[in-house]
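Engineer: The lines below spell out each chain.
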Amino acid sequence: MPSSRGIRLAVTTVTLALATSACGLGSSGSSPGADAASPTGKVGGTITLETLQLKPTFTDYMTGVIAAYEKDHPGTKVNWVDIPFQGAQEKLTADAAAGALPDVVNLNPQFAQALEAKDLFIDMDKGASDVKSAYVPGAWDAFKVPGKDGSFALPWYLTSEVTMYNKDLFTKAGLDPQKPPASFDELLADGAKLSAAGKGSFFGIHPALENRFITDLAKQGVPLLDASGKKWTFNTPDAAAYLQKLVDAYKGGVYPQDSLTQNHSKENEAYQAGRIGLLPSGPNFLAVIKKNAAAIAANTGVGPQITGASGATNMSVMGLLVPKASKNQATAMDFAKYLSDAQNQLAFSKIVTILPSTLSSLKDPYFSTDGDGSPESKARKISAAQIATAKNLVPVQYDSRVTAAVIGKVQLALQGKLTPSRRSTRLSRKPTRSAAPPADARPARRPTASPKSRRAHDHRCGWHSPWPPAPVPSRKPRPSSTD
Amino acid sequence: MTGRRWYVPWLFLLPALAVAVAFFIVPFANTAVLSFTDASTLGGGTFTGTRNYARLWSDDQFWLSVRNTLLYIAVVVPLLVALPLGLALLVQKRVAGIGFFRAVFYSPVVASMVVAGLIWSWLLSSDGLVNSVLRGLHVIAAPLPFLTDSRLLLFSSMAMTVWKGLGYYMVVYLAALANVPKSLLEAAEVDGAGPVRRFFHVTLPLVRPTMVLVATLAAIGSAKVFAEVFTLSDGSAGPGGEARTLVYTIREVGLGLGGEAGYASAMSIVLFLGTLGLSVAVTRLNTREERA
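If you read the sequences in order, they're chains L and F. Numbering that gives the first Met the number 0 applies: residue 0 is where the first sequence begins, and numbers increase by one. Numbering that gives the first Met the number 0 applies: residue 0 is where the second sequence begins, and numbers increase by one.
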């Protein structure tokens, strides 16, 4: 018979062990609301708008637009909720599971895709067909889900990456401070010269793999996904050759050693600290650099987006989505149209270096002149010129899990633990779950981060958002945000 | 016995019972149920029997996590049993200024994990303090990849865990050492036992139950390790995620819009059973030795 002490100890150990495993991964049903393809009804009442990290920088703009809308539409009230990037995915997942998504929600395509696939949002092809022609076609199409009809967001604002560089470091490395790299080969060559000149005190480039690798493959004409949208196809000699260049660059000290597992936010921090000379990124980051590192901003030059064999340029899109579960769809849709109309987007673009998704706004002379000659003006002009032909090059299936799986293997390749050709073979052996594998396919190998990501979710967050995360150090993978 | 009613003790228990049910029993039961479904983080899920558990057998990432977690336990637990005891012996004596040292050794315990992660990242980065010192002393020619080599990252995380736990277990040992009867130590000294023999033959046997407690707690903590690996690797668990631990994998699988709550729950249950087994084994070993 066990002693009472033994029983007490056993109970204690059970309780301790229980506490370790009660992860609380709860589930609750989510049921999309009625399929209201084209919301009808009177505009009025209260709605909630949820945005990603616009406060406090753009509080005045947003409250101004909301106040103007409420004034134009008596009886309406818009509650604005702004959430930070970090944790946004978890919050939206919980909201979606609880059927409590806001009436209008601001997402990017990669992030929205999982929710769109669950049929949670109104199809804008039907619900907002009257305004479809007002938007940049590529931006509108960015919110399509493979295998499904329709597009599920009104495009809000866009960015198209430019190449920022530190002119001081260029001079120190013997490079022409007026001539930024224009191709991937030039980027790596300039990066090598900068790193050699820095001798460890500064480097040429940061790989920011989770943010850039797959986009760079697409720019070089590497096919990413087959027509069915179910199989990744980037296991090509071109991809292997490009990866080999990255391997050589890492071995050659072109990248900082610790950058291997770091994300885009670390790249931004490194640029602002004068630790790297080149930063291919969204022009909206110029404002962040100016705020955090005025001396670096003063020495920052900008050039066009680096392109590859395909000549394609990439753009990132933010959209406004209206859940089917919204109890006030008519007002939600009306407000989403208002917030993303030409006038309001133009006003927004004049506050920060982003581009409007409305065709008429893009014709404004503001986007075709150098303005005051500042890097921001130059970047605006460059990115506006690029946007006409730019596309969202990254398939929406390239979500945080796929990102983490791919980048994990690329990291190993850079360390010499996988050869580039073997890496790409391993990556494309199976379709990923998010790319809708056949029912009998074994679920994709768990991603390596996110998460990183994940993270990145990681879970690495492989978002391709045009928006800058707050420039504070973070240990958690941050939403990537480039072009 | 007048005025006593059977339900009165339960009324006193009720608040604690409610908390336990709401925050431990129900989530655990929910996790157990989910582990037999294909539920996602967006809800839903149908009963799939033991498919999630069967899937674990062929999941390389899961077994990598298990191996790393076991390695973590194997390295960290002995260190956390031995080092704090040594530290406690050092700061046990009441001498001038000893309070300062006790506070210093305890300070990592109260530091947040994020702060600890930042400190250790700065220490171990390629241009961090450790590499700079080693290079300055010409011990190494190139920086050691503490944060970008999976195995080194795992050991760096272990160092951080030990650093953070030292102070806590030191306090636990200080309490145990204070309960060692001085008369026994004095008697041993009279019998001619030196400090080492007094420690091994008097102090250690009396402190052994505390060592078992520390080992159990350290093992449970090591089985659950997550933050150290996450913070030191920028959330990546190293190149290719090869330094992943079990909780890291559970989090990765179970969270996010594409999260698989069912599969992650199955992993959680396995972790629970493993931790429970570990705790019971340590407790039983101790009980058996006490009886012997």
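There could be a bad hint or two in this list.
Calculated from the model, a selection of chain F residues having no Cβ within reach of chain L, i.e. all distances over 10 Å [what the hints assert, rightly or not]:
#1 Leu12
#2 Ala17
#3 Val74
#4 Val179
Okay, the calculated beta carbon distance ranges per label pair [unchecked claim]:
#5 L:Gly251 with F:Asp59: 26 to 34 Å
#6 F:Gly135 with L:Gly86: 38 to 46 Å
#7 F:Arg150 with L:Asp225: 32 to 40 Å
#8 L:Ala195 with F:Asp59: 36 to 44 Å
#9 L:Ser182 with F:Leu128: 50 to 58 Å
#10 L:Gly98 with F:Gly135: 24 to 32 Å
#11 L:Ala99 with F:Trp5: 40 to 48 Å
#12 L:Gly199 with F:Val108: 32 to 40 Å
#13 L:Ser309 with F:Val108: 50 to 58 Å
#14 F:Thr45 with L:Lys41: 55 to 63 Å
#15 F:Val7 with L:Gly98: 36 to 44 Å
Derived from the structure by calculation, the hints contain no laboratory data. Please read all numbers here as calculations on a predicted model, not as lab measurements. C-beta atoms are modelled at their ideal positions from N, C-alpha and C, and glycine is treated no differently.
Engineer: Taking the hints in turn, state whether each one holds.
Structural biologist: Results for each hint:
1. Interface exclusion of Leu12 of chain F from chain L stands, the closest Cβ pair being 15 Å apart, more than 10 Å.
2. Every CB of chain L is more than 10 Å from the CB of Ala17 of chain F (nearest about 16 Å), matching its label as outside the interface.
3. For Val74 of chain F, the requirement that its beta carbon stay farther than 10 Å from each beta carbon of chain L is met, with the minimum near 19 Å.
4. Val179 of chain F, annotated as away from the interface, keeps every beta carbon of chain L farther than 10 Å; the closest lies near 21 Å.
5. For the pair Gly251 of chain L and Asp59 of chain F, the supplied restraint of 26 to 34 Å holds, since their beta-carbon distance comes to about 32 Å.
6. Restraint check, Gly135 of chain F to Gly86 of chain L: a C-beta distance of roughly 41 Å satisfies the suggested window 38 to 46 Å.
7. Remark: the range hint 32 to 40 Å for Arg150 of chain F to Asp225 of chain L is upheld by a beta-carbon distance near 37 Å.
8. Between Ala195 of chain L and Asp59 of chain F the Cβ separation comes to about 39 Å, which falls inside the hinted range of 36 to 44 Å.
9. Taking 50 to 58 Å as the suggested C-beta distance range, the pair Ser182 of chain L and Leu128 of chain F does not conform, at roughly 39 Å.
10. A C-beta distance of roughly 60 Å is found between Gly98 of chain L and Gly135 of chain F, which places it outside the suggested range of 24 to 32 Å.
11. In this structure the supplied range 40 to 48 Å holds for Ala99 of chain L paired with Trp5 of chain F, their Cβ-Cβ distance being about 43 Å.
12. At about 36 Å, the beta-carbon gap between Gly199 of chain L and Val108 of chain F stays in the expected band of 32 to 40 Å.
13. Here the CB-CB span from Ser309 of chain L to Val108 of chain F is close to 55 Å, well matched to the stated 50 to 58 Å.
14. Between Thr45 of chain F and Lys41 of chain L the Cβ separation comes to about 40 Å, which falls outside the hinted range of 55 to 63 Å.
15. A C-beta distance of roughly 43 Å is found between Val7 of chain F and Gly98 of chain L, which places it inside the suggested range of 36 to 44 Å.
In this structure, the earlier hints numbered 9, 10 and 14 are contradicted, and the remaining ones agree with it.
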